[in-house]
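K.L.:
Based on the sequences and whatever the hints tell you, model everything.
Chain by chain, the residues run as shown.
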Amino acid sequence: MTTTPSPLATLAAEHGLRQVGVRPPLRRYLATMWQRRHFAVSLAGSKAYARNQGNYLGQVWALLNPVLWALVYLLVFGVLLDTSRGVENFIGFLVVGVFMFHFSSASITTGSNAIVGNQGLITSLQFPRALLPIASVLAELVTLVPALVVLLVLVPLTGEPFAWTWLLLPLAVGLQWIFGTGVALVCARLVSQWRDVKQLIPFVLRALMYVSGVFFSIDHYVGSGTAAAVLSHQPVAVYLELVRGTLLSEVALTPALWGWAFGWALLTLVLGFIFFWHAEERYGRG
Amino acid sequence: MADRPSLIVDDVHVTYRTYGGRRLTARQQKTWHTIGRHVGAVDKVRAVRGISFVAHHGESIGVIGHNGSGKSTLLRAIAGVLPTESGAVYADGTASLLGVNAALMRDLTGERNIVLGGLALGQTPTQVEDRFDEVVDFAGIGDFMQLPMRAYSSGMGARLRFAISSAARPDILMIDEALSTGDAEFRRRSRDRVDQIRSEAGTVLLVSHSMSTIRSMCDRVLWVDGGELRLDGAVDEVLEAYAEATGRPVARRTPRRPSAGPRTAARASEQAVAG
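Chain order of the listed sequences is V and F.
Residues are numbered in this note's numbering as their position in the first sequence, beginning at 1, plus a constant of 2.
Residues are numbered in this note's numbering as their position in the second sequence, beginning at 1, plus a constant of 107.
Each hint should be verified, as a subset may be incorrect.
Below 25 Å or equal to it, Euclidean Cα-Cα: the simulated SDA-like pairs (lysine to any residue) are [as the list claims (entries may be wrong)]: (1) V:K49 / F:T216; (2) V:K200 / F:V146; (3) V:K49 / F:D250; (4) V:K49 / V:Q37; (5) F:K151 / V:H280; (6) F:K137 / F:Y126.
Derived by calculation from the structure, the hints in this document are not laboratory data.
P.N.:
What follows is the structure in structure tokens.
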């Protein structure tokens with residue numbers, strides 16, 4: 003405020019030139035993001051598409067991949083091992099858990115790499131950087147769609163009757179997607195500022211896998227009490243429970259569960275976005 | 108000066124971090140400091156150290172200097188893709204940077220890259236669709252358009268990237284060595300495109316090691332040395348000084364083409380004095 007502007011800065015102001023490479027105000031940032039939304043969608047689609055293009059069967063793998071995973075679980079847990087771990091429809095429970103947990107963990111992994119892994123794009127084009135983590139998670143959502151189709155075929159095969167709650171599946175997945183986007187925004191900035199954070203992410207994800215009830219019911223193993231309450235209210239477990247609730251009759255969909263799901267989604271998205279935007283002008287620095 | 112400036116670069120410094128290695132002095136290499144090569148191998152590179160200049164509408168400016176002198180970094184800072192440490196860049200309108208490595212997606216076909224590149228530059232899906240055929244024609248790489256970009260030769264990649272970046276009609280187009288891999292026909296086309304952008308009152312910045320390219324396409328030259336601006340002036344003046352300092356022969360003067368725009372060397376040198 004107190005320093006006098008340089009003569010060149012005055013010249014720029016006289017002719018109405020706009021300074022480049024500075025963080026735009028939040029409102030304008032959002033407006034630019036909205037204007038470039040087609041780029042994020044197209045980038046996400048292209049990434050999801052390119053993933054399967056490097057072989058002969060190509061896009062057939064988008065569907066074949068979840069089918070094979072489901073077959074492995076069917077074979078191991080439906081034929082070879084006889085476990086139920088306190089769950090009636092264990093195969094349904096397990097496959098939904100594994101697919102949906104993979105969605106979250108893949109969102110976080112690719113999202114955390116969104117800035118450092120796209121330096122080529124960043125150092126050649128000017129666009130709101132938040133579009134990169136958003137597009138990464140969107141690519142995971144696109145990849146998830148065939149897996150959801152597999153779930154919708156597999157779940158009735160395990161003896162689950164159709165219920166009206168199935169119609170809520172897109173909403174549940176959507177909330178989980180929003181949550182994943184928020185976390186990806188946070189991780190993308192952290193990794194771009196401190197590269198070492200990237201090394202820690204796999205450990206955090208593995209720990210999350212064991213405490214979120216992917217393979218077992220939290221209630222059955224941990225019981226009740228503070229530990230169980232914390233474990234079952236953390237976001238990853240909440241979304242697993244929510245998606246299971248829409249597809250499996252034995253998992254109850256309570257208003258409280260929806261409340262937690264909405265709350266976590268909104269909280270992580272808003273905080274994650276603001277956290278990411280705060281370092282906007284620094285993302286090219288390597 | 109009556110002309111409106113299109114680009115003002117005000118005492119810009121650019122520093123970036125690089126991972127995976129670190130520069131040590133000869134002395135440090137004999138002490139425990141060598142551990143810095145294995146742990147904490149992060150170094151800071153001060154690539155641009157205080158450059159200022161003013162560019163105007165319709166100007167075409169060449170940027171010369173040794174490898175590693177900070178030319179590309181300067182262009183990136185101007186494009187707003189690399190943050191400045193201090194100083195500021197002011198621009199009138201959109202800037203588009205065309206580099207050799209401007210990474211489009213290697214695993215995707217040329218067609219998909221045209222769409223993606225256009226959207227990234229801020230075009231709407233309808234604009235991209237409208238210009239699609241024009242980009243395809245300009246790139247002129249035939250049915251390779253349907254193959255992934257990793258199958259392209261470097262010249263074909265350069266053609267496609269140039270076609271995509273210049274189709275957006277940026278107000279400021281920066282070309283970083285991107286013309287060096289093309290063949291004669293492509294160079295002629297790109298020269299026409301650059302002239303067209305200048306005639307629409309755009310500004311062109313061109314990094315090149317080819318003195319003949321600079322001579323035929325620019326009317327003002329910046330010589331960047333060690334991250335600083337060594338000389339800023341008319342083409343002949345700067346190229347001669349550069350050749351003298353580097354001991355390289357000056358490229359033979361070629362007459363400028365008549366379509367090169369209204370700006371003459373005399374006017375360019377007048378600006379150089381003022382800027």
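K.L.:
Please work out if K151 of chain F and H280 of chain V have their alpha carbons no farther apart than 25 Å.
P.N.:
22 Å, holds
K.L.:
When you check the alpha-carbon spacing of K137 of chain F and Y126 of chain F, does it fall within 25 Å?
P.N.:
22 Å, holds
K.L.:
With a cut-off of 25 Å on the C-alpha distance, tell me whether K49 of chain V and Q37 of chain V pass.
P.N.:
20 Å, holds
K.L.:
Would the hint linking K200 of chain V and V146 of chain F be met if the CA-CA limit is 25 Å?
P.N.:
Roughly 16 Å separates the two Cα atoms, so the pair holds.
K.L.:
Check the hint pairing K49 of chain V with D250 of chain F against an upper bound of 25 Å on the C-alpha distance.
P.N.:
23 Å, holds
K.L.:
Given the hint that K49 of chain V pairs with T216 of chain F, test it: the Cα-Cα distance must not exceed 25 Å.
P.N.:
12 Å, holds
Hint check: no violations occur; every hint is consistent with the structure.
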